[in-house]
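*Asks:* Residue numbers (UniProt numbering), protein chains in the order written: chain A, 1 to 597; chain B, 1 to 597.
Hints may contain errors.
One copy or any two copies: either way a pair holds, since identical chains are not told apart in the list.
Stated by the list, open to error - Keeping only pairs whose Cα atoms sit at most 30 Å apart, straight-line, the calculated BS3-like set for lysine-lysine is: (1) K80 with K257; (2) K47 with K190; (3) K336 with K225; (4) K47 with K493; (5) K283 with K80; (6) K39 with K376; (7) K336 with K190.
Quick caveat, the hints were computed from the structure, so don't treat them as lab data.
What follows is the residue order along each chain.
Number of protein chains: 2
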Amino acid sequence: MPAYRAPVKDTQFVLDAVVGLEKYSNLEGFGQATPDVVKAILEEGGKFCENVLAPINLSGDIEGCTRHDDGSVTTPAGFKAAYDQFVEAGWGTLMADEAFGGQGLPYVVGTAFSEYMSSSNMAFGMYPGLNEGAQAAIEAVGSAEQKHRFLPNMVKGVWTGTMNLTEPHCGTDLGLIRTRAAPQDDGSYKITGTKIFISAGEHDLSDNIIHLVLAKTSGAPDNVKGISLFIVPKFLVNDDGSLGARNGVVCGSIEHKMGIHANATCVLNYDGATGYLLGEENKGLRAMFIMMNAARLGVGVQGLAMGEVAYQNAVDYARDRTQGRALTGPADPAAKADPIIVHPDVRRMLMDGRAFNEGARALILWGALQVDLAGKAATPEERQLADDLISLLTPVIKGYCTDLGYRIATESQQVFGGHGYIREWGMEQFVRDARIAQIYEGTNGIQAMDLVGRKLGANGGRGTQAYLALVNGALADARGDERLAEIAAPLEKALGDLQAATMWLLQNGLANPNNAGAGATAYLHLMGIVALGHMWLLMAGASHAALDAGTTDTDFHTAKLVTARYYAQRYFPDARALRAKLEAGSEAMMAMPVSAF
Amino acid sequence: MPAYRAPVKDTQFVLDAVVGLEKYSNLEGFGQATPDVVKAILEEGGKFCENVLAPINLSGDIEGCTRHDDGSVTTPAGFKAAYDQFVEAGWGTLMADEAFGGQGLPYVVGTAFSEYMSSSNMAFGMYPGLNEGAQAAIEAVGSAEQKHRFLPNMVKGVWTGTMNLTEPHCGTDLGLIRTRAAPQDDGSYKITGTKIFISAGEHDLSDNIIHLVLAKTSGAPDNVKGISLFIVPKFLVNDDGSLGARNGVVCGSIEHKMGIHANATCVLNYDGATGYLLGEENKGLRAMFIMMNAARLGVGVQGLAMGEVAYQNAVDYARDRTQGRALTGPADPAAKADPIIVHPDVRRMLMDGRAFNEGARALILWGALQVDLAGKAATPEERQLADDLISLLTPVIKGYCTDLGYRIATESQQVFGGHGYIREWGMEQFVRDARIAQIYEGTNGIQAMDLVGRKLGANGGRGTQAYLALVNGALADARGDERLAEIAAPLEKALGDLQAATMWLLQNGLANPNNAGAGATAYLHLMGIVALGHMWLLMAGASHAALDAGTTDTDFHTAKLVTARYYAQRYFPDARALRAKLEAGSEAMMAMPVSAF
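Pulled out of the complex, with its shape left as it was, chain A reads as follows (with noise of 0.2 Å):
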């Protein structure tokens, strides 16, 4: 069975180093993060992950989801149990606002821990996400009393939430959504219509469900300007908060899917269903973005969780399996043959690894700090430059985190060799796993279009040139160190890719919107290697200065330094081939009639 092990000890650097979350203790929630807490809840928070949810994840593949005659779905064995220690311990309070029950801690912090969470079963990491995503929504654009009613027990964990978007016909383009809301005299709807692809959306972990739901009203508009967001919970919620009557939504079946099967995927009939209108009227997709933006950003972390772990087990069998000899000769004589670690070609697969992790837990935790600055910064200017910055790295994030988790995964199990296909190993279950977060929450290829279509060019391109400046800025601080120049030189090239292919796109995106969207995968793409490489210096310099200081910790600090130049060396080449494919254009991608395919 695989193993895990919270990579606590990383997760400090990058807050250290990177995040520098002590610079914030004047904000909101921050003072309470204090080095201590923080460290009490990766420390105890990680075990938790390793101990209860890790041993769980591989059994719960096999076993999977169970739906019943009745509707009702039972998680895997050990589910239940595990999540009762997850509310238990309060796991899910700690970003929640403290007027509904939670810790009120900042949502870098949260992050961090949900990385070890899907790192140790994303399946079971999923009920909480989207929980949180749910109690987001309700938290933006709710009343008092809907907050009132829904969000302690959200919070607690004791109910749960859901995203209700697609339907059969329906998935990027929600225009196209059929669910139908007739308003009642009481002020409620009555919801009815078919939602597919419901992650969590029925199960036996929490004594209620409440559905976030996406459905046109009476009269409304056919189009996306004519979708409300609706709270339906599986069971009505009476005025003293105890559950009532069970409303009229049935999970009609479960998805069969390639991975996260210990995650009920349902299909969710609404059938006259009792819904109160979230937010405005015909405003409804406005609030679901607002679950979105969180929840790609979590997205975007599963990917980081599937390559730490998928590293962390190949790792491990690339130092016991013994096979072949070391290329510069024998490196245990006494052995029959050596360990598969001596072999260059497993180690490449091990660093890239490692280089990718390393580099996207830090991009994550930055992102995740934008996020709390957005709403929290001490002058409106800090909030605007955070908010622009997290607005164009959400789909980076997510995107390019998940395709190169999924590579990761990938080549993890390939140092496995045969074992590596085998399902009691669990990293063919990685690799499943992972393959997921490359679709959902808008697929990766809506990512791109969401960077190149809307983001880039936002408010004049004011988010972009601020993102530019700031890794410019990192660049003119490590001008003063000769020793990061091994980095910084190839990010300095990368980055000057980076500005050519946005002007490429300013000029001929205008021109031929058809050339945005044949760049816009290659962009990604090119902006997520200098984005990691941003990070990687910004790590370079903290570990030469640790070293520089003293530091006892040389080991680590040497480890990181030898990584930053791995990742220097073998990711940035990308950048120039993808600004070459993305100048291309769109001519030859077109050019085919759809009848010649």
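Once you've looked at the hints, dock chain B against the given chain A.
*Replies:* What follows is chain B alone, placed relative to chain A:
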């Protein structure tokens, strides 16, 4: 359920334009392969795959194989009936020697058919595929008596064959083999040991299973120089050809795998089983590599096959699924949304697949021709050249075509959005099935080491020089036609990168062999890009020629030229990046102490 259409027309184009089948009609076996015969084989073979094998692919994946308490194994519903049809129609006899009941057709023709078989049902195709490998070894090194006893029924397909290399502690490093062969007075051996990962190791399709087993004889050197190969039939074969006693080899269990569920992957326990030495004692590895080389080409075919069938289904879906609007304005204003094939990023995924599939088909059939020519060409020089070329390119075909096949299967799955993750659509099966091809018959890392460590410098680099000269020759031929510059110019640049990388490896791999290991995978991919590019240059030339000659099939050739252009713009840029990674060397890859991972 996914569909499959055998790409007969494209196969014929390749056989005509790239392979030039008719040029070789003077060679053994080629005379029978007239255009009419080949057309009939491809069309009838295609129909068999479309109508018999494809319909049981998804159901076979879901049901999988079942092992019973007595060690017997049942294949999924429909497999036995389909296999009976396969035998009845003689599909397994295409390439086999006429002396043993085969049709004696060229390997290139059989290879074309095997692509269709793998696309339609990869798990099924493995049963005859392994049988062919076993036949090849017996034919190459068996005694006349052994050939007579085993080959006719194996060719017919009423018996099947297997390859037994791997043991629990021993995969790539065959010197570690522990299975023992004790000589008996009658000249036979008693084989004892445990073999794992034996594809098609036990099943209900054939009357007998002929296992070829690597083992060490008593007193043999305890390394790769002490390995012998044995024939171990499941049922002993009497002198009159009838089946005798059940031999002491039993399937102990079957593996639960990521994919190819309908092929039984067995643990085989040999307990004093009767075996017959095949070839010379202690020369087993050499005989096994006869099987292996054919098998590696066959695995490359699987990569292409998964890319092709996944692409076809992605095209169908992209034509049918409506979602969103074309960036340039509604393509179908009367409908509520456009088919997603209008979106450039969807096109990107489709064109990636098309450009790989058609290029890989050409490379593989060209490679199969070299196998034919190595055995049958008129002069020793031609035979030597063909052998040099296919020796060099075999690891590229295996490694590059399976890495890309997995990538294309994944991208094609992505076209389906959330539906791609659901089992009933069949796309996730293609990804899971494609994954094994990167692992078995020598992982792709081993292919890269074979290429860089063995093939590149073999015979003083004779094969490498011949290959570079071949591509240079094609470039010289193309210089007369300005229209080919759009593919020739980037090919020339990529070839320059390949030559530079080759020089770098020669210079730096000698000084430190870790440099060769560190660059091996990048080098293999770089050569793969050049090899497919070479094919695209030839195909573009042929399509221009056909159009110039006034072909009525303008759509086909116009599409070919668009795809060639797409390949040139979107595949070649990676060549420079791969060279840069390779030239970074091994320092950062090897610097990390094992304890620091």
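*Asks:* With reference to the structure, classify each hint as holding or not holding.
*Replies:* Evaluated hints:
1. In this homomeric assembly, K80 and K257 come within 30 Å of each other (Cα to Cα) both inside a single copy, at 21 Å, and across copies, at 28 Å.
2. Taking CA atoms no more than 30 Å apart as the test, K47 paired with K190 passes in neither setting, with 45 Å inside one copy and 52 Å between copies.
3. Proximity of K336 to K225 under the C-alpha cut-off of 30 Å is restricted to the inter-copy arrangement: shortest distance 14 Å between copies versus 70 Å within a copy.
4. In this assembly of identical chains, K47 and K493 lie within 30 Å of each other by CA distance neither inside one copy nor across copies; the values are 42 Å within and 53 Å between.
5. For a Cα distance limit of 30 Å, the shortest separation of K283 from K80 qualifies neither inside one copy, at 36 Å, nor across copies, at 58 Å.
6. Taking the closest pair of Cα atoms, K39 and K376 come within 30 Å of each other only inside a single copy of the chain (22 Å); across copies the shortest separation is 71 Å, beyond that limit.
7. Taking the closest pair of Cα atoms, K336 and K190 come within 30 Å of each other only across two copies (26 Å); inside a single copy the shortest separation is 72 Å, beyond that limit.
The structure does not agree with the numbered hints 2, 4 and 5 stated previously, though it agrees with the rest.
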